[in-house]
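FYI, in our numbering the residues of the sequence shown are 585 to 795.
These are calculated hints, taken from the structure and not from any lab test. Please note: incorrect hints may appear among the correct ones.
[Claimed, not checked] Derived pair list, reagent style EDC-like, types lysine to aspartate or glutamate, alpha-carbon separation capped at 16 Å:
id : residue 1 : residue 2
1  : LYS755    : ASP702
2  : LYS717    : ASP616
3  : LYS717    : ASP694
4  : LYS789    : ASP764
5  : LYS784    : ASP646
6  : LYS788    : ASP764
7  : LYS619    : ASP711
8  : LYS793    : GLU627
9  : LYS717    : ASP764
10 : LYS789    : GLU666
11 : LYS699    : ASP616
12 : LYS793    : GLU666
13 : LYS699    : ASP764
14 : LYS717    : ASP695
15 : LYS717    : GLU631
16 : LYS755    : ASP711
17 : LYS671    : ASP616
18 : LYS619    : ASP678
19 : LYS665    : ASP678
20 : LYS755    : GLU627
21 : LYS755    : GLU703
22 : LYS762    : GLU627
23 : LYS784    : ASP764
[To be verified] DEER-style ranges, computed between Cβ atoms:
id : residue 1 : residue 2 : range
24 : LYS788    : PRO609    : 41 to 47 Å
25 : SER668    : SER692    : 28 to 34 Å
26 : LYS789    : ASP758    : 15 to 21 Å
27 : LYS784    : LYS637    : 35 to 41 Å
28 : ASN675    : GLU703    : 17 to 23 Å
29 : LEU635    : GLN607    : 35 to 41 Å
30 : LYS665    : ARG634    : 37 to 43 Å
31 : LYS788    : ASP758    : 22 to 28 Å
32 : THR640    : ARG794    : 45 to 51 Å
Note that CB positions come from ideal geometry on N, CA and C, so glycine has one too.
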Amino acid sequence: MKKLILFALICFTLGSCGPQIYQAPSFSQVKDTHKVVAVLPFEVTIESRRLPKGVTADMVQDQQRDYGYGIQSDVYGYFLKEMSKNKYTVNFQDVSKTNALLNDAGLSYDDLRLKSKDEICQLLGVDAVVSGKTIMSKPMSDGAAIAVGLLVGAWGNTNSVNTTITVHEGKAGDLMWKYDYQASGSVGSSRQSLTNALMKNSSKKFPYKRS
Numbered sequence: 585m586k587k588l589i590l591f592a593l594i595c596f597t598l599g600s601c602g603p604q605i606y607q608a609p610s611f612s613q614v615k616d617t618h619k620v621v622a623v624l625p626f627e628v629t630i631e632s633r634r635l636p637k638g639v640t641a642d643m644v645q646d647q648q649r650d651y652g653y654g655i656q657s658d659v660y661g662y663f664l665k666e667m668s669k670n671k672y673t674v675n676f677q678d679v680s681k682t683n684a685l686l687n688d689a690g691l692s693y694d695d696l697r698l699k700s701k702d703e704i705c706q707l708l709g710v711d712a713v714v715s716g717k718t719i720m721s722k723p724m725s726d727g728a729a730i731a732v733g734l735l736v737g738a739w740g741n742t743n744s745v746n747t748t749i750t751v752h753e754g755k756a757g758d759l760m761w762k763y764d765y766q767a768s769g770s771v772g773s774s775r776q777s778l779t780n781a782l783m784k785n786s787s788k789k790f791p792y793k794r795s
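Please build the complete structure, drawing on both the sequences and the hints.
Listed below in structure tokens is the structure:
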């Protein structure tokens, strides 16, 4: 019991704990055929039992969408820096091109979750897609929240953030790799700090990283 309590205290102090990693057995064979990978907007969910006064469900939905595109941009930016160091075996499609192609196809942010990953890969002309889900217990307080206005100060920093980053291959849309990450406290206090923490940890096991 004492060991469990100590483990929990260490997890809380560090702001994250126990990442879970899955990799499909077949991924080691197919990943060498992948040349271009796209990063999709993240699916963001803000959980709250009661909305602060003056905050509507539409405001929360707008913030979820803004964070979804914001995390997409942050993740792509991280990959771009690592690509300049020749750390990956694939190239990443520019997110502006990705989003333009999705928009041209009439796919909104909410439509993406209804499409299979192989359909999206075919539409984008890529071999695989990186996507993810983020669940926040409270919205974070960065520029997107400031744009909403009433959310800042009404909720403050998030209590906890659960984020999953995944890789699906393009032919059948199968899940090839999955990394679960939990952040709490100051780690999840802004979108950028959350993304930096996620990528710093997940990049160590990212399947396209050169040996």
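So, going through the hints one by one against the coordinates:
Between LYS755 and ASP702 the CA atoms are separated by roughly 6 Å; this keeps the pair inside 16 Å, and the hint holds. For the given pair, LYS717 sits about 26 Å from ASP616 by alpha-carbon distance, which is inconsistent with the 16 Å threshold. Between the alpha carbons of LYS717 and ASP694 the distance comes to roughly 13 Å, so the proposed pair stays at or under 16 Å and holds. Of the supplied pair hints, the one linking LYS789 and ASP764 holds, its CA atoms being roughly 12 Å apart against a limit of 16 Å.
Straight-line distance between C-alpha atoms of LYS784 and ASP646 comes to about 27 Å, which puts the hinted pair past the 16 Å bound. Between LYS788 and ASP764 the alpha-carbon distance is near 13 Å, which keeps this suggested pair within the 16 Å criterion. Distance restraint check for LYS619 and ASP711: the Cα-Cα separation of roughly 7 Å lies within the 16 Å cut-off, and the hinted pair is therefore satisfied. For the given pair, LYS793 sits about 24 Å from GLU627 by alpha-carbon distance, which is inconsistent with the 16 Å threshold.
Taking the CA atoms of LYS717 and ASP764, the gap is near 9 Å; set against the 16 Å cutoff, the hint holds. In summary, the hint linking LYS789 to GLU666 is supported, as the alpha carbons are separated by about 14 Å, within the 16 Å threshold. Between LYS699 and ASP616 the CA atoms are separated by roughly 25 Å; this puts the pair beyond 16 Å, and the hint is violated. Only pairs whose Cα atoms come within 16 Å are accepted, and LYS793 paired with GLU666 is accepted, the gap being roughly 9 Å.
At roughly 22 Å between alpha-carbon atoms, LYS699 and ASP764 are farther apart than 16 Å, so this suggested pair is violated. For the given pair, LYS717 sits about 15 Å from ASP695 by alpha-carbon distance, which is consistent with the 16 Å threshold. Restraint check for LYS717 and GLU631: the C-alpha separation of about 13 Å stays at or below 16 Å, so the hint holds. Of the supplied pair hints, the one linking LYS755 and ASP711 holds, its CA atoms being roughly 8 Å apart against a limit of 16 Å.
For the proposed pair LYS671 and ASP616, the alpha carbon gap of about 14 Å is at most 16 Å, so the pair holds. Only pairs whose Cα atoms come within 16 Å are accepted, and LYS619 paired with ASP678 is accepted, the gap being roughly 14 Å. Note on LYS665 and ASP678: the hinted pairing holds, with a Cα-Cα distance of about 13 Å set against a maximum of 16 Å. Annotation: proposed proximity of LYS755 to GLU627 is violated, straight-line Cα distance about 22 Å (limit 16 Å).
With a C-alpha separation of about 9 Å, the suggested pair LYS755 and GLU703 falls inside the 16 Å cut-off, and the hint holds. Taking the CA atoms of LYS762 and GLU627, the gap is near 15 Å; set against the 16 Å cutoff, the hint holds. Between LYS784 and ASP764 the CA atoms are separated by roughly 13 Å; this keeps the pair inside 16 Å, and the hint holds. Look at LYS788 against PRO609: about 21 Å separates their beta carbons, and that is not inside 41 to 47 Å.
For the pair SER668 and SER692, the supplied restraint of 28 to 34 Å holds, since their beta-carbon distance comes to about 32 Å. At about 19 Å, the CB distance of LYS789 to ASP758 agrees with the hint of 15 to 21 Å. A hinted range of 35 to 41 Å for the beta carbons of LYS784 and LYS637 is consistent with their spacing of about 37 Å. Look at ASN675 against GLU703: about 21 Å separates their beta carbons, and that is inside 17 to 23 Å.
At roughly 39 Å, the beta carbons of LEU635 and GLN607 sit within the given window of 35 to 41 Å. Distance hint for LYS665 and ARG634: a CB-CB separation of about 40 Å, consistent with the stated range 37 to 43 Å. Between LYS788 and ASP758 the CB atoms are about 23 Å apart, so this pair conforms to the stated range of 22 to 28 Å. Taken as a hint, the range 45 to 51 Å holds for the pair THR640 and ARG794, whose Cβ atoms sit roughly 47 Å apart.
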